[in-house]
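In the order they appear, the protein sequences are chains Y and S.
The numbering of the first sequence is the working numbering, which starts it at 5 and goes up by one.
The numbering of the second sequence is the working numbering, which starts it at 17 and goes up by one.
The set of hints was computed from the structure by calculation and includes no laboratory data.
It is possible that some hints are incorrect.
Stated by the list, open to error - Derived lysine-lysine pairs resembling DSS-like cross-links, with alpha carbons at most 30 Å apart:
| no. | chain 1 | residue 1 | chain 2 | residue 2 |
| --- | --- | --- | --- | --- |
| 1 | S | Lys73 | Y | Lys59 |
| 2 | Y | Lys59 | Y | Lys46 |
| 3 | Y | Lys68 | S | Lys58 |
| 4 | S | Lys73 | Y | Lys24 |
| 5 | Y | Lys70 | S | Lys58 |
| 6 | S | Lys116 | Y | Lys24 |
| 7 | Y | Lys68 | S | Lys116 |
| 8 | S | Lys116 | Y | Lys70 |
| 9 | Y | Lys24 | Y | Lys68 |
| 10 | S | Lys74 | Y | Lys46 |
| 11 | Y | Lys46 | S | Lys58 |
Since the structure is predicted, the reported quantities are computational estimates derived from the model, not experimental observations.
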Amino acid sequence: GAVVSQHPSRVICKSGTSVKIECRSLDFQATTMFWYRQFPKKSLMLMATSNEGSKATYEQGVEKDKFLINHASLTLSTLTVTSAHPEDSSFYICSARDSAGGYPYEQYFGPGTRLTVT
Amino acid sequence: GENVEQHPSTLSVQEGDSAVIKCTYSDSASNYFPWYKQELGKRPQLIIDIRSNVGEKKDQRIAVTLNKTAKHFSLHITETQPEDSAVYFCAARLTGGGNKLTFGTGTQLKVEL
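Chain Y with its partners taken away, still in its complex shape (with noise of 0.2 Å):
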């Protein structure tokens, strides 16, 4: 159980172009889901906060009209990287907190998502 899944796992995209990555819990309902990013050997760092029928909420320093984030259903959110740059190239990972109880602070990790911009 407790299963996320990310899609795509990798995408190349051109410059100036705009990307979607899907994050889905698979068997378990989530108001909330993370978006991070990662750089290579480098930690996590969390970029926005999804809440399932309401406005993402973003970390300092994280613009919020370049990385969209739409969390329209318990199950799905997505994040959108508009008009994407060389920079923007990077791992991209969710998780997702299960709302129906259990462990109440664990947090599942999707697959991850390699963006490559060109």
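Following the hints, put chain S in place on chain Y, whose structure we already have.
Quick look at chain S alone, frame taken from chain Y:
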């Protein structure tokens, strides 16, 4: 906000030896401390966690200790095996912080034969 420091950044041990990774946190209101193992290009996997009302927790070869007074917690791996080689991250959750986790900088553990 919370700040988590992690040491060492790299750790090399011989198979069968023990490995210890240490983290400190800044906000005494943090109440949950998970440890994740991440293999190259893969998702972080929770290996053990501890809440602030507990001082120690053990799961087979893995243990975590928490010193709330000093605001530090440690991961202990005994009888290390080559498959333990990975990057390990500690994290802290701030009470009232919306379940956000602040991660440490990671430790690259290499278990040598």
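Pair hint lysine 74/S and lysine 46/Y, alpha-carbon separation not exceeding 30 Å: 27 Å, holds
What's the verdict on lysine 24/Y and lysine 68/Y, does the C-alpha distance respect the 30 Å limit or exceed it? 14 Å, holds
Measure nothing beyond the straight line between the CA atoms of lysine 116/S and lysine 70/Y; if it is 30 Å or shorter, mark the hint as holding. Measuring from Cα to Cα gives roughly 21 Å; hence the hint holds.
Holds or violated: lysine 73/S with lysine 24/Y, Cα cutoff 30 Å? 40 Å, violated
Quick one, are lysine 73/S and lysine 59/Y close enough, alpha carbons at most 30 Å? 37 Å, violated
Agreement of lysine 68/Y and lysine 58/S with the hint, judged by alpha carbon distance not exceeding 30 Å: Answer holds: lysine 68/Y to lysine 58/S is near 26 Å, not above 30 Å.
Does lysine 58/S lie within 30 Å of lysine 46/Y when you go C-alpha to C-alpha? Given pair lysine 46/Y, lysine 58/S holds - Cα atoms ~13 Å apart, limit 30 Å.
Holds or violated: are the alpha carbons of lysine 68/Y and lysine 116/S at most 30 Å from each other? 18 Å, holds
Could you grab the alpha-carbon distance between lysine 59/Y and lysine 46/Y and see if it respects the 30 Å cut-off? 28 Å, holds
Straight-line alpha-carbon gap lysine 116/S to lysine 24/Y, limit 30 Å: 23 Å, holds
Can the restraint linking lysine 70/Y and lysine 58/S be considered satisfied, given a maximum Cα separation of 30 Å? Judged against 30 Å, a Cα distance of about 25 Å means the pair holds.
Against the hints set out earlier in the document, violations occur for numbers 1 and 4.
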